[in-house]
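Here the protein sequences line up with chains C and W, keeping their order. When the letters of the first sequence are read in order and numbered with this note's numbering, they come out as residues 8 to 137. When the letters of the second sequence are read in order and numbered with this note's numbering, they come out as residues 41 to 424.
Derived by calculation from the structure, the hints in this document are not laboratory data. Small disclaimer: the values here were computed from a predicted structure and weren't measured. Ideal Cβ positions, reconstructed from N, Cα and C, are used throughout, including at glycine. Misleading hints may appear alongside valid ones.
Unchecked claim - So the derived list for chain C, only partly shown, Cβ under 10 Å to chain W, looks like this: (1) Val34; (2) Glu38; (3) Ala43; (4) Thr46; (5) Trp71; (6) Trp127.
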Amino acid sequence: MASAYPDIVRRYFADPPCLGPLAGDDVRRGEAGAPATGTWIVIESIVREGRCVELAFRAYGCPWTVAATALAVERLQGAPLTSLLDFAPLDLAAELNLPVEKRGSLLTLQDALRNCFRAWDTTRPIGGPP
Amino acid sequence: MTLYFDHAASTPVAPEVAAAMASVLADPALQANPAADHPPGRAALAVVDAAQAAVATLVGALAGEIVFTSGATESNNLAVLGAARWRRARGRHVITAATEHASVVAPCRQLEREGFEVTWLRPGPDGVIVPAQVAAVIRPDTVLVSLMQVNNEIGVVQDVAALGRLCRSADAWLHVDAVQAAGREIVDVRAAQVDLLSVSAHKIGGPKGVGALVLDESRVQRLDYLHHGGGQQRGLRPGTLPTHQLAGFGVAADLARAGLTTEAARLTALRDQLCAALTAVPGVRLNGQGARRAPHIVSVSVPGVEGESLRLALEGLAVSAGAACDAGHGEPSAVLRCLGHSGELARSTVRFSLGRGTTAAEVDAAVRLFAVGVAHARRLAPAA
């Protein structure tokens, strides 16, 4: 089973960048999922002047979930806060060679990113696309 | 280099077994069909007879009571379906456990579809089905009780002798899946009053693709056939016998019997070493604690980490999540759910199983890899 993981998943699983927790009073978090469902993702952030100056994650889930979350958080470092809303985790599926049955974890990642945004900005609606 | 701790799934073929099989395959005098009535056929039959005698001796049976099959799955199917259907005029009640191997559970489900009533026992928190549970549900129309001697996932040992006495007094046939017990525990169909018993070659150092169903001929003369064909093996399991496979099975049975006491003691010491070290890792729970356990299986659960990630973190170790036969189904183990584990804890369970080649140094190395892997998996997961 383990040999089915592509190199990128193995790399981000074995040595994930941006692994939490973050320390400090100015850390806010967003999370989604639950252990009982097999996927639970926590995104932590420090935002200054509208930018994510620090992002970190922890993930309870399969190696694909860990790799996808690590990849997303790495790419969002330093990005505008609104990027947490705009980032489309499903775009990672091809890059990670993600099996179809694992795509639900990307939706949980999207929810966690959105909830992290909401931890900073409760004024903007964050529903689906218009 | 992967450390192999999956001997309950399949243990490597012993060199003596490989040599015996190669010898049969290469010997021009042993190429005939063992069912053929001519000198070359009788020479091949002698190989079969020797294997029957060896397997019979391993389990306390007579040579004529051995029916060779393609493996334990077929043995279990033949025992459960064959016995219940053959005895259906006497009654239509069967007793088994939710913690049995899939090759017993699935035939019992099939019997339910055929109108049998199956009572599904659930073990106590230690994983054991106690004879009193069987006594409470056995009835005059119970035709078969099917329970394993050693649980394949957590290694707990059931009191087969007590079950045998109970079933004999009720005239219910007792089928025992002894796949994990053979070669590690004393298996004696006569002493334990077992009517039907399943064993597999590749769990004791023999080749894959061959097993046996043992029938106490004083009690079980017939079963309802699963296969129809020639009259080999009294028609109970027709088909040309694979001479070279049986040669290997016979040698493996001889080796298992000869080394039973010393190997069981050696494995027990290694198992205890492994148990102590694994459970010293904070939070790790031993499954089957408090019960008598077979010498070669250690099952532990790791709360707070996801099962698939745990297995990748332990990639240097060849271990199982549970039964190898169930790998990839994605469903949490029924055995572990019966012990009260949540779905996520059942998925984060690891079975180590030891075998002939396992050394104390390998156990130490495995524990180091386990501790590092668990620590990594825990770092990834949010704190609950």
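Broken hints, by number: Hints 1 and 6 are the ones this structure does not satisfy, whereas the remaining hints hold.
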